[in-house]
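> Now for the letters of each chain:
2 protein chains.
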Amino acid sequence: MEPVPSGGSRPDEPGPCLSGPGGTSQATSAYSLSLARAEPGCGVAAVLPAGGCGERMGVPTPKQFCLILERPLISYTLQAMERVCWIKDIVVAVTRENMEVMEGIIQRYQHKRVSLVESGVTRHRSIFNGLKALAEEESNSKFSKPEVVIIHDAVRPFVEEDVLLKVVTAAKEHGAAGAIRPLVSTVISPSADGCLDYSLERARHTASEMPQAFLFDVIYEAYQQCSDYDLEFGTECLQLALKYCHTKAKLVEGSPDLWKVTYKRDLYAAESIIKERISQQICIVMDTKEDEEHVSLLEEMLKNELKHVSVTSMPLCYAGRDLQQVILEQCYNFVCVHVMNFDFQGTQKLLSMLEESHLSILYPIVVVLVHFIDYNSVPFGEKMENLMHIRELAKEVKKINILLYGLLIYYPQADLKLQESLRQGATIIAALIKERNSGLIGQLLVA
Amino acid sequence: MEPVPSGGSRPDEPGPCLSGPGGTSQATSAYSLSLARAEPGCGVAAVLPAGGCGERMGVPTPKQFCLILERPLISYTLQAMERVCWIKDIVVAVTRENMEVMEGIIQRYQHKRVSLVESGVTRHRSIFNGLKALAEEESNSKFSKPEVVIIHDAVRPFVEEDVLLKVVTAAKEHGAAGAIRPLVSTVISPSADGCLDYSLERARHTASEMPQAFLFDVIYEAYQQCSDYDLEFGTECLQLALKYCHTKAKLVEGSPDLWKVTYKRDLYAAESIIKERISQQICIVMDTKEDEEHVSLLEEMLKNELKHVSVTSMPLCYAGRDLQQVILEQCYNFVCVHVMNFDFQGTQKLLSMLEESHLSILYPIVVVLVHFIDYNSVPFGEKMENLMHIRELAKEVKKINILLYGLLIYYPQADLKLQESLRQGATIIAALIKERNSGLIGQLLVA
Numbered sequence: 028m029e030p031v032p033s034g035g036s037r038p039d040e041p042g043p044c045l046s047g048p049g050g051t052s053q054a055t056s057a058y059s060l061s062l063a064r065a066e067p068g069c070g071v072a073a074v075l076p077a078g079g080c081g082e083r084m085g086v087p088t089p090k091q092f093c094l095i096l097e098r099p100l101i102s103y104t105l106q107a108m109e110r111v112c113w114i115k116d117i118v119v120a121v122t123r124e125n126m127e128v129m130e131g132i133i134q135r136y137q138h139k140r141v142s143l144v145e146s147g148v149t150r151h152r153s154i155f156n157g158l159k160a161l162a163e164e165e166s167n168s169k170f171s172k173p174e175v176v177i178i179h180d181a182v183r184p185f186v187e188e189d190v191l192l193k194v195v196t197a198a199k200e201h202g203a204a205g206a207i208r209p210l211v212s213t214v215i216s217p218s219a220d221g222c223l224d225y226s227l228e229r230a231r232h233t234a235s236e237m238p239q240a241f242l243f244d245v246i247y248e249a250y251q252q253c254s255d256y257d258l259e260f261g262t263e264c265l266q267l268a269l270k271y272c273h274t275k276a277k278l279v280e281g282s283p284d285l286w287k288v289t290y291k292r293d294l295y296a297a298e299s300i301i302k303e304r305i306s307q308q309i310c311i312v313m314d315t316k317e318d319e320e321h322v323s324l325l326e327e328m329l330k331n332e333l334k335h336v337s338v339t340s341m342p343l344c345y346a347g348r349d350l351q352q353v354i355l356e357q358c359y360n361f362v363c364v365h366v367m368n369f370d371f372q373g374t375q376k377l378l379s380m381l382e383e384s385h386l387s388i389l390y391p392i393v394v395v396l397v398h399f400i401d402y403n404s405v406p407f408g409e410k411m412e413n414l415m416h417i418r419e420l421a422k423e424v425k426k427i428n429i430l431l432y433g434l435l436i437y438y439p440q441a442d443l444k445l446q447e448s449l450r451q452g453a454t455i456i457a458a459l460i461k462e463r464n465s466g467l468i469g470q471l472l473v474a
Numbered sequence: 028m029e030p031v032p033s034g035g036s037r038p039d040e041p042g043p044c045l046s047g048p049g050g051t052s053q054a055t056s057a058y059s060l061s062l063a064r065a066e067p068g069c070g071v072a073a074v075l076p077a078g079g080c081g082e083r084m085g086v087p088t089p090k091q092f093c094l095i096l097e098r099p100l101i102s103y104t105l106q107a108m109e110r111v112c113w114i115k116d117i118v119v120a121v122t123r124e125n126m127e128v129m130e131g132i133i134q135r136y137q138h139k140r141v142s143l144v145e146s147g148v149t150r151h152r153s154i155f156n157g158l159k160a161l162a163e164e165e166s167n168s169k170f171s172k173p174e175v176v177i178i179h180d181a182v183r184p185f186v187e188e189d190v191l192l193k194v195v196t197a198a199k200e201h202g203a204a205g206a207i208r209p210l211v212s213t214v215i216s217p218s219a220d221g222c223l224d225y226s227l228e229r230a231r232h233t234a235s236e237m238p239q240a241f242l243f244d245v246i247y248e249a250y251q252q253c254s255d256y257d258l259e260f261g262t263e264c265l266q267l268a269l270k271y272c273h274t275k276a277k278l279v280e281g282s283p284d285l286w287k288v289t290y291k292r293d294l295y296a297a298e299s300i301i302k303e304r305i306s307q308q309i310c311i312v313m314d315t316k317e318d319e320e321h322v323s324l325l326e327e328m329l330k331n332e333l334k335h336v337s338v339t340s341m342p343l344c345y346a347g348r349d350l351q352q353v354i355l356e357q358c359y360n361f362v363c364v365h366v367m368n369f370d371f372q373g374t375q376k377l378l379s380m381l382e383e384s385h386l387s388i389l390y391p392i393v394v395v396l397v398h399f400i401d402y403n404s405v406p407f408g409e410k411m412e413n414l415m416h417i418r419e420l421a422k423e424v425k426k427i428n429i430l431l432y433g434l435l436i437y438y439p440q441a442d443l444k445l446q447e448s449l450r451q452g453a454t455i456i457a458a459l460i461k462e463r464n465s466g467l468i469g470q471l472l473v474a
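Residue numbers (my numbering), protein chains in the order written: chain D, 28 to 474; chain P, 28 to 474.
Among the hints, erroneous ones may be present.
In this list, chains with the same sequence are indistinguishable; a pair is considered to hold if it fits within one copy or across any two.
The list that follows gives simulated cross-link-like pairs (lysine-lysine, DSS-like), each with its CA atoms no further than 25 angstroms apart [said to hold, decoys possible]:
{"id": "1", "residue 1": "K302", "residue 2": "K287"}
{"id": "2", "residue 1": "K291", "residue 2": "K376"}
{"id": "3", "residue 1": "K461", "residue 2": "K291"}
{"id": "4", "residue 1": "K270", "residue 2": "K193"}
{"id": "5", "residue 1": "K302", "residue 2": "K461"}
{"id": "6", "residue 1": "K444", "residue 2": "K422"}
{"id": "7", "residue 1": "K444", "residue 2": "K425"}
{"id": "8", "residue 1": "K330", "residue 2": "K139"}
{"id": "9", "residue 1": "K270", "residue 2": "K376"}
{"id": "10", "residue 1": "K291", "residue 2": "K334"}
{"id": "11", "residue 1": "K422", "residue 2": "K461"}
{"id": "12", "residue 1": "K115", "residue 2": "K172"}
{"id": "13", "residue 1": "K444", "residue 2": "K159"}
{"id": "14", "residue 1": "K426", "residue 2": "K334"}
{"id": "15", "residue 1": "K139", "residue 2": "K287"}
{"id": "16", "residue 1": "K169", "residue 2": "K115"}
{"id": "17", "residue 1": "K159", "residue 2": "K330"}
It should be emphasised that the hints constitute simulated quantities derived from the structure, not laboratory data.
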C-alpha cells in the first residue's frame, strides 16, 4: 500500500448529509437538507456481511477487497454508508483471516463509525453475528441497541441516501422493508432431468435487492427463532421476518445503481462509473489576475468536450478561499494555467493545498499543468528542463495519489490556429481526466 | 461516420470457425477444428430481434446501436454469430426507422450472411417476423427453411461458438434448448399492496438467458398457434414451445459471458472487456536485423506489465510474411522500434500493410513508434520536426482507425539507467494499449 498522508484527516463531507460526488453541489445541498429534516429520529445501525470469498468473480481476491482505482471496493460502500449522518453504527462482518486487512482499510481511508465482527460460514450467520453485536444484552457491548437496522451488501457501493431513508421509514411502519428491481431475465424452474418445468410470469415477480431495513426486534427475533437449515441455505432476510415474525416486508422500488458487484465485468463497470462521477467538476486555476480570453475559450471547449461537466476558473492569487471551497466540494480535477512563463510556483501552491486537504485519500486527483507558449520563443534547454521538472514532481505527488501531467498549448498570434490548439488541448485534458491513467503521469503533452 | 477503406474487404477469420480475438491462436485453432468436426450437419439459421428502444439504458440511442470503441454494439453480436461458419443465415429484425442505419452497419463492417426484416412492436412479434422470412412458404424467399433456428439477442455480444453448438445439438434431440445462468438475486413476488407475498427458493430457480435453439417446425408452429396475449406480453420462447407444442426445452448451463447489455453500466463493462480482449497480443517490429538486447528486455518488461499477453518480435526487413501472419491472427497492437535513427520508413511500411489488411475495420489498432535515443545527441530542430511528423501521420491514419503514438526511450550507456527507462517505456506502452485513447494520438511521450 502507498503511504498515507499522516497527521491529518480527510475532509468531512460538506453539508449535513451530502450524497457524495456526482450531483451538482447546489442540488445536493438542498436535497441533503430536506433529507436531514426527514431524518429518522431514532437509532439506526447498519450490518454489512462481507465474509464472502468471491468464487463467482473468477479472481483470487474476495470481491469486496478487489481494487477500483487502487482502493478496495468495500471502502466505497463504507463511504456511501458513513456519509449518511443518521446511521449511528456500521457493523461489518468479515472472516477472521481478513480482520487485519479490514482494519487496515478502515484506518487508511479513515472510515468512521465502523466496527468489525467475525463473519459466519454463510451470509445469514454473518448477519446474525452483526445483529448479536448490536443487541443490548451482549456483555461489554459498545453499542446501544438500535430501533432500526439496515442490512446492506458490502459489494453494492452505489447505494444512495434516499433509498436508505425509504427502507428505514418503511421498516418503522411495516416492521421490514427491502429494495426491489425489475427482473432482467425470465426466471424458470428446471425439472430433475435438466429440462424446462415451468417459467414464471416476469411481470408478477421481481428481484429482491439491498438495502433492506428492519425493526431491530423483528429481525433479531427472526434470527433467534430460525432453523439451522435457514441459516445454512437461506438467502432472503425478508423471508425470515415473514416466516418467524409474520412481518410482511414493504417493497421499495430501487434505482439501477443498487446492483451487486458479482462478476469481473461488474468491477469494470464500477470503475467506469466512479471515474465518470469524479470527472463532473473541473477547476481551472490561473497564474494571472486578468481575464485571459484564451482561458475562457479553453473553459468553453472543455465543457463541450466533457458534457455535463461544470468548469469554474479563478486566478490563483485570489484563490486561497475559493479554492478551499472547491476542494471542500470535492473537485478532483484541476487545470493549472501558466501564461507565457515557466514558473512552477502556482502549481506548487495548488499541490500543497491539495496535499493539506487530504482529498486524495479517497480518489486520485488529476492536475494538468498547462503552459501557453510559442514553441519558437523557448530555447530547447529550458524546455527539457521543464519536462524533467514535471516528471520529478509527478513522481513525488503520485505518492499522495495526485496524478500530474504537463500540457504545452501552442500560442501563436493567428486566431484560427490558436482555436485549433485550444480545441486539441481540451481534448487532451478531457482524455487525461476521463482515463486517470497513472502510467502517463509526468508526460509533457503538446497541443 | 468515418470513411471506410474502399475496394477491399476485412480479412477473413483464420481457420474454419475461429472464436475471434481473445483466445490464444493455437488453442483456438485446435478447438475450432474439433468444433468443425462436431458441426451440426443441417441447416442452421439465426434470428436476432433488434427492435428494442432501450428505455432501460437511460440514453436516447437504442442500446443495440450504442457505440463501443466507435462501433455499434449490434455489430459485435453479428461478428460473434457470423464467425460460426455453420450458421447459414442471420436474420435481424429492426424497426422501419432503423432499417437504413442497420444496412449502413452491415456495409461498413462488412457483415456476411445477414438479412433484415421489419421488427414488430414486441419482442415475440419481431422473432415471429424473422421466422416467417425463413419459412419456405413465404413467396420470393431467398432462404431455404432451416432444420434448426437459433434465437439470440442483439445485445449479447460475447456469445461463444461452444454454447451455440450446445443449444443447437440439444435442440435437435429435444426440439428446444436454451442457455441458463444461476440467479444473482433472490426472486420474490409482491402482493397487491406492494408487500412481500412470498420468496422463491433460489436453488430451485434459474435465469433463462440466450442463445436458445429450436427445431424450426416446433417454434414456427408455436408462434403460429399462440395467442395475441402471448405475442404482446410473453417474454419466453421456451415457454411457447412448451405450451403450444408440448416440447420441454433442454436447459444448457451458459458462461457468465452471456449477459445482456441492459444498463449504461453494461456498456462500460462491454467496452472494458473488448479492450482487454484485443490487448492480448503485441507484435514488436524492429528496423534492424540484429538481435538487440534492449529490445528483448523491453519485450520481457511488456509481458510483465500486461499479464497473460503474448509478445512476439521480428525484424521488419524479414517481416513481410511473418507480419502478414500476425495480422491474419488479428493482432491489434504493434510496437515499431527504431534504434538510433529517425527514419520513418519502417513505420510507413507497417502502416501500409495494416491499411491493406483492413484489419482496423473492426477494432482500432494501436501502433507505438519507439525511438531509442540519447537525448543529448539529437539537435532540437530535428526533434521538433520528428514530433510534427508523428502528429501529421497520426492524424492521417486515425481516419482508418489506427491510433499512432510516439515514444522516446532514453538510451544512455549506463545499464541501470537503461533498465529504468525500459521499465517506464513498457508502462507507457501498456497504458496506451489498454486505454486505446484517441485523444492522445500523435503525442511524443518520453520514458
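> Taking the hints in turn, state whether each one holds.
Going through the hints against the structure:
In the homo-oligomer, the alpha carbons of K302 and K287 lie at most 25 angstroms apart both inside one protomer (18 angstroms) and across protomers (23 angstroms), since each shortest distance falls under that limit. For a Cα distance limit of 25 angstroms, the shortest separation of K291 from K376 qualifies neither inside one copy, at 40 angstroms, nor across copies, at 39 angstroms. Taking the shortest Cα distances, K461 and K291 sit within 25 angstroms of each other both inside one copy (21 angstroms) and across copies (16 angstroms). In this assembly of identical chains, K270 and K193 lie within 25 angstroms of each other by CA distance solely inside one copy; the values are 23 angstroms within and 41 angstroms between copies.
In this homomeric assembly, K302 and K461 come within 25 angstroms of each other (Cα to Cα) both inside a single copy, at 7 angstroms, and across copies, at 16 angstroms. Taking CA atoms no more than 25 angstroms apart as the test, K444 paired with K422 passes between copies only; the shortest distance there is 16 angstroms, against 33 angstroms inside one copy. In this assembly of identical chains, K444 and K425 lie within 25 angstroms of each other by CA distance solely across copies; the values are 21 angstroms between and 34 angstroms within a copy. With identical chains, the CA atoms of K330 and K139 are never at most 25 angstroms apart, being 36 angstroms at best within one copy and 41 angstroms at best between copies.
In this assembly of identical chains, K270 and K376 lie within 25 angstroms of each other by CA distance neither inside one copy nor across copies; the values are 62 angstroms within and 73 angstroms between. Taking the shortest alpha-carbon separations for K291 and K334, only the inter-copy value of 16 angstroms comes in at or below 25 angstroms, while the best intra-copy value is 28 angstroms. For the homomeric pair K422 and K461, the shortest alpha-carbon distances inside one copy (20 angstroms) and between copies (21 angstroms) are both at most 25 angstroms. Proximity of K115 to K172 under the C-alpha cut-off of 25 angstroms is restricted to the intra-copy arrangement: shortest distance 11 angstroms within a copy versus 66 angstroms between copies.
For the identical chains of this complex, K444 and K159 are neighbours neither inside a copy (69 angstroms) nor across copies (58 angstroms), given an alpha-carbon limit of 25 angstroms. Taking the shortest alpha-carbon separations for K426 and K334, only the inter-copy value of 24 angstroms comes in at or below 25 angstroms, while the best intra-copy value is 30 angstroms. For the homomeric pair K139 and K287, the shortest alpha-carbon distance inside one copy (23 angstroms) is at most 25 angstroms, but the shortest distance between copies (38 angstroms) is not. Taking the shortest Cα distances, K169 and K115 sit within 25 angstroms of each other inside one copy (12 angstroms), while across copies they are farther apart (69 angstroms).
Proximity of K159 and K330 under a CA criterion of 25 angstroms is satisfied in neither setting, with 51 angstroms inside one chain copy and 49 angstroms between copies.
In terms of the numbered hints stated before, the structure departs from hints 2, 8, 9, 13 and 17, listed from lowest to highest.
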